[in-house]
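Asker: So you can see what is in the structure, the chains are spelled out below.
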Amino acid sequence: MFNLIRNESEKVFRKYSTYVLIGLMALFLFGVQWLIKASSGGGDYRWYPDEASLSEEIMFYESQGMEEEARVWKFYRDNLLDSQVPADSWRLEALRISYAGGDESEIRETEAMARTGNWQGYYQRMVRQIQENSEYTEQDKEMMSYPYRYLLEHQLDPDDRPWQWDVAMQYQSNVGTVMALQKLEASGNLTDSAELEKARADAEVARYRLENDVEYVAVKGEYGYRYPRGVWDAVDSTSSIILILSSVFLLIIAGGCVSREFSSGTIKFLLINPVKRQKIFWSKYLMMLALSAVTLIAGFLLNLGAAVLIQGGQGLQATYLFFDGSAVREGSVLLICAGQYFAGAVSAIVMMSLSFMISSVLRSSAVAIGISITCLLVGSMVVEFMAELQIDWGRYLIFANTGLAEIMQGNSKFAHQSLGFALIVLALHMAAFLWIARDGFVKKEV
Amino acid sequence: METAIRLEHVNKHLGKKQVLKDLSFETYIGEVFGFLGPNGAGKTTTIKLLVGLLSMEEGNISICGKDITGEFETAMAYVGGIVENPEMYGYMTGRQNLCQYARMRKGVTQERIDEVVSLVGLSNRINEKVSKYSLGMRQRLGLAQCMLHHPKVLILDEPTNGLDPAGIRQLRDILKHLAHQEGTCVFVSSHMMSEMELMCDRVGIIVDGRLAEVKTLQEMMTERRGDSVVYRYHAENPRLLMNAARQMELQAEPGGEEMVEVQIPSGQEKQVLWELNRTLAENNIVFYSAAPVESKKLEDAFMELTGKEGEQIV
Ligand SMILES: Nc1ncnc2c1ncn2[C@@H]1O[C@H](COP(=O)(O)OP(=O)(O)OP(=O)(O)O)[C@@H](O)[C@H]1O
Ligand SMILES: [Mg+2]
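Taken in order, these protein sequences are the chains called G and S. Sequential numbering from 1 applies to the first sequence in UniProt numbering. Sequential numbering from 1 applies to the second sequence in UniProt numbering.
Among the hints, a few may not be true.
Using C-beta positions, here's what the derived DEER-type ranges look like [said to hold, decoys possible]:
{"hint": "1", "chain 1": "G", "residue 1": "M1", "chain 2": "S", "residue 2": "Y28", "range": "43 to 51 Å"}
{"hint": "2", "chain 1": "S", "residue 1": "H9", "chain 2": "G", "residue 2": "V442", "range": "43 to 51 Å"}
{"hint": "3", "chain 1": "S", "residue 1": "E8", "chain 2": "G", "residue 2": "I391", "range": "25 to 33 Å"}
{"hint": "4", "chain 1": "G", "residue 1": "V294", "chain 2": "S", "residue 2": "E111", "range": "32 to 40 Å"}
{"hint": "5", "chain 1": "S", "residue 1": "K21", "chain 2": "G", "residue 2": "I391", "range": "54 to 62 Å"}
{"hint": "6", "chain 1": "G", "residue 1": "L24", "chain 2": "S", "residue 2": "N127", "range": "55 to 63 Å"}
{"hint": "7", "chain 1": "S", "residue 1": "N127", "chain 2": "G", "residue 2": "Y223", "range": "54 to 62 Å"}
With the Cβ distance kept under 7 Å, some of the chain G side facing chain S (calculated, not the full set) [stated by the list, open to error]:
{"hint": "8", "residue": "N3"}
{"hint": "9", "residue": "N7"}
{"hint": "10", "residue": "R14"}
{"hint": "11", "residue": "K268"}
{"hint": "12", "residue": "E445"}
Hints are computed from structural coordinates only; laboratory data are not their basis. Cβ atoms here follow ideal geometry from the backbone N, Cα and C, with glycine treated the same way.
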């Protein structure tokens with residue numbers, strides 16, 4: 001059996017066309033990675049409006065009766081625009097708060113701080129105000145003042161936009177959400193306790209990042225995992241392309257695997273040996289499985305390699321952070337990313353098997369490749385359409401179940417599609433494919 | 001004699017057509033068996049059944065005593081063969097093709113591959129891609145491939161197709177050697193009668209899916225020998241020679257320029273020839289050569305058996 005499989009793989013790798021396909025795939029992969037790098041720009045999101053648009057904005061706020069907002073922008077136009085302060089600076093936020101509720105002396109103090117860029121002063125005042133507020137418990141005070149104390153302690157000027165500032169602001173907003181939801185909970189009006197859990201987890205993770213100085217993290221978001229800028233984001237956003245490329249590669253090879261033997265007449269050479277047809281069939285399929293595994297793994301590693309190379313290794317050291325209910329834990333981003341990729345890779349293997357089956361039954365590689373590529377491209381669209389139209393039996397179709405990664409996260413196309421259901425449907429389809437293919441191969445007269 | 005291939009009442013339909021009709025025969029270890037028949041008679045179909053490319057429908061086939069449906073793997077281990085054209089993987093070299101084959105068989109070493117390659121005269125070209133081979137080279141490679149594992153039964157479908165005269169002669173020698181010295185049963189299908197006559201020990205003739213005759217070549221010859229053998233004389237003056245022969249009550253006909261064909265009664269050839277030649281010498285009738293006309297017995301037998309059917313494909 002080993003010899004048979006070796007023969008089959010030799011048939012694949014002695015052909016030049018195989019290497020042409022691999023070369024094209026690699027080229028495409030590097031191209032996509034390079035495009036991602038080129039389109040992401042420098043990552044500087046500061047915003048500098050021009051004077052004309054500012055005046056327009058001010059007029060708009062005035063016409064809407066939003067005096068305070070208009071005043072913030074007026075101050076910005078008159079005092080800060082020339083000194084190259086971006087419009088999303090902490091200063092505007094500080095002014096907004098003071099204009100809304102501060103007395104005359106506080107407003108004057110804030111304006112002075114904004115003019116001179118005295119962020120320490122502003123943050124110290126924030127901490128003081130939180131401490132003096134008697135509505136808060138000690139614990140609330142600690143949490144609310146933490147981001148300001150952190151920035152002060154580490155001397156992180158928000159105008160420099162250190163990553164810690166972003167995380168601190170996230171933390172601050174998460175803490176705000178948690179407190180608001182807790183208030184609702186206390187009054188018995190909280191409808192969705194998951195929301196509170198989520199806000200609390202987000203806050204814990206943000207705080208963990210600040211305390212442990214973790215810049216690059218992957219976290220679990222509402223719609224799948226979110227990866228940090230740089231390598232992992234690039235890997236994640238290209239992995240679906242890699243999967244499609246690998247699928248196409250595999251189904252081209254699988255489509256020729258049996259039918260080419262017939263079209264070239266070598267099937268006689270193959271079947272004249274003291275080996276049952278069954279065995280030859282399985283050796284072909286096992287070779288395809290092994291090839292699929294190698295292709296998919298190599299695809300992932302190559303993609304990772306290309307991303308590291310092109311992104312200059314940015315964020316490679318990232319960790320996956322998650323809150324398990326009592327503490328924040330670290331996990332491996334590689335595992336998470338690879339897990340998602342390989343959950344998606346199941347569909348590549350299903351498509352490969354489909355192509356293999358058609359090739360074995362109809363003996364035409366063109367038909368096999370054509371049908372399976374069409375399925376690959378429109379299959380999920382058709383299923384989505386059926387889900388839209390509420391045609392419920394669509395859930396039994398293979399393409400409703402190939403997106404294992406989404407199904408695991410509960411984002412299946414049909415409602416209540418569990419992972420177990422998907423796996424069973426896939427297994428049944430695969431069994432049917434193989435049975436039909438085997439039957440076609442073993443019974444047919446040459 | 002040890003039976004190599006045994007067919008018993010084999011029937012086979014392809015599509016709606018019944019291609020083989022109650023076909024039964026045996027071949028033995030140590031002989032070259034010629035399987036003759038006009039186009040479309042069912043030779044290739046029989047061979048495909050023998051090697052398991054087609055499924056059995058009715059009847060039994062066994063190879064060296066092993067039933068090919070019941071003990072497929074054992075039976076096939078005895079067999080080597082080429083069906084129709086020798087198709088190989090064109091993108092591999094000759095040697096890589098042979099290695100592919102060797103891996104599906106037991107006990108084929110690299111030395112054996114080298115040996116067989118030089119036997120079929122491909123040593124110089126074996127590392128070239130098969131897609132660059134000529135038809136005859138592919139035929140030779142096919143022969144090498146099916147001999148690799150010392151098969152007890154060698155089945156060849158029109159192996160002379162595409163071979164040059166040297167190749168045909170080599171093939172003949174190889175096949176005879178395999179059959180007579182190494183105890184192989186060689187089963188060759190063909191419609192090249194002259195070739196078969198030189199190669200085979202026994203022939204079977206199949207017409208329209210039915211076996212018309214199975215005989216040794218000897219039997220086939222004597223049966224159709226008739227009463228006389230024709231000798232062709234190359235004479236200075238054919239008319240004189242013809243008259244002389246006729247005076248000895250031999251039948252003589254002009255056989256082309258300066259040629260006379262004389263019928264010598266069989267059984268007493270030596271005596272009659274000696275007398276005729278002496279008479280010619282005594283009468284100063286000059287002749288340069290005298291030779292028996294090349295035998296076409298097998299072809300005649302073939303034409304007779306296939307009859308008119310041979311002219312239209314059935
Ligand atoms: N796949 C098929 N379907 C239907 N009929 C077929 C098929 N293959 C062969 N035949 C018919 O079976 C008959 C025998 O064919 P076969 O190939 O055995 O002939 P053959 O003796 O090898 O002829 P040749 O000397 O031309 O090679 C032919 O009449 C042919 O038309
Ligand atoms: Mg034939």
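Asker: Look at the Cβ atoms of L24 of chain G and N127 of chain S and judge whether their distance stays inside 55 to 63 Å.
Answerer: About 29 Å separates the Cβ atoms of L24 of chain G and N127 of chain S, which means 55 to 63 Å is violated.
Asker: Between N127 of chain S and Y223 of chain G, is the Cβ distance one that fits in 54 to 62 Å?
Answerer: With a Cβ separation near 57 Å, N127 of chain S and Y223 of chain G satisfy 54 to 62 Å, so the hint holds.
Asker: Range hint 54 to 62 Å: satisfied by the CB atoms of K21 of chain S and I391 of chain G?
Answerer: holds (56 Å)
Asker: Just tell me: holds or violated, for the beta carbon distance of V294 of chain G and E111 of chain S against 32 to 40 Å?
Answerer: holds (33 Å)
Asker: Does N7 of chain G pass the interface check with chain S, least Cβ-Cβ distance below 7 Å?
Answerer: Since the shortest Cβ distance to chain S is 5 Å, the answer is holds.
Asker: Once the shortest beta carbon distance from K268 of chain G to chain S is found, is it less than 7 Å?
Answerer: Where the cut-off is 7 Å and the nearest Cβ of chain S is about 5 Å from K268 of chain G, the hint holds.
Asker: Does the CB of N3 of chain G sit less than 7 Å away from some CB of chain S?
Answerer: The hint holds - N3 of chain G has a Cβ within 7 Å of chain S, the shortest such distance being about 4 Å.
Asker: Could you check the hint for me, namely that M1 of chain G and Y28 of chain S are 43 to 51 Å apart, CB to CB?
Answerer: Violated - the Cβ-Cβ distance for M1 of chain G and Y28 of chain S, about 35 Å, lies outside 43 to 51 Å.
Asker: Check the following: the C-beta atoms of E8 of chain S and I391 of chain G are separated by a distance inside 25 to 33 Å.
Answerer: violated (58 Å)
Asker: Closer than 7 Å between Cβ atoms is the bar; does R14 of chain G clear it against chain S? Give me holds or violated.
Answerer: Status holds, d = 5 Å.
Asker: Checking hints one by one. Is E445 of chain G an interface residue toward chain S, by the C-beta closer than 7 Å rule?
Answerer: Since the shortest Cβ distance to chain S is 5 Å, the answer is holds.
Asker: Tell me if the beta carbons of H9 of chain S and V442 of chain G are separated by a distance inside 43 to 51 Å.
Answerer: With a Cβ separation near 25 Å, H9 of chain S and V442 of chain G fall outside 43 to 51 Å, so the hint is violated.
Hints 1, 2, 3 and 6 from the earlier list are contradicted by this structure; the remaining hints agree with it.
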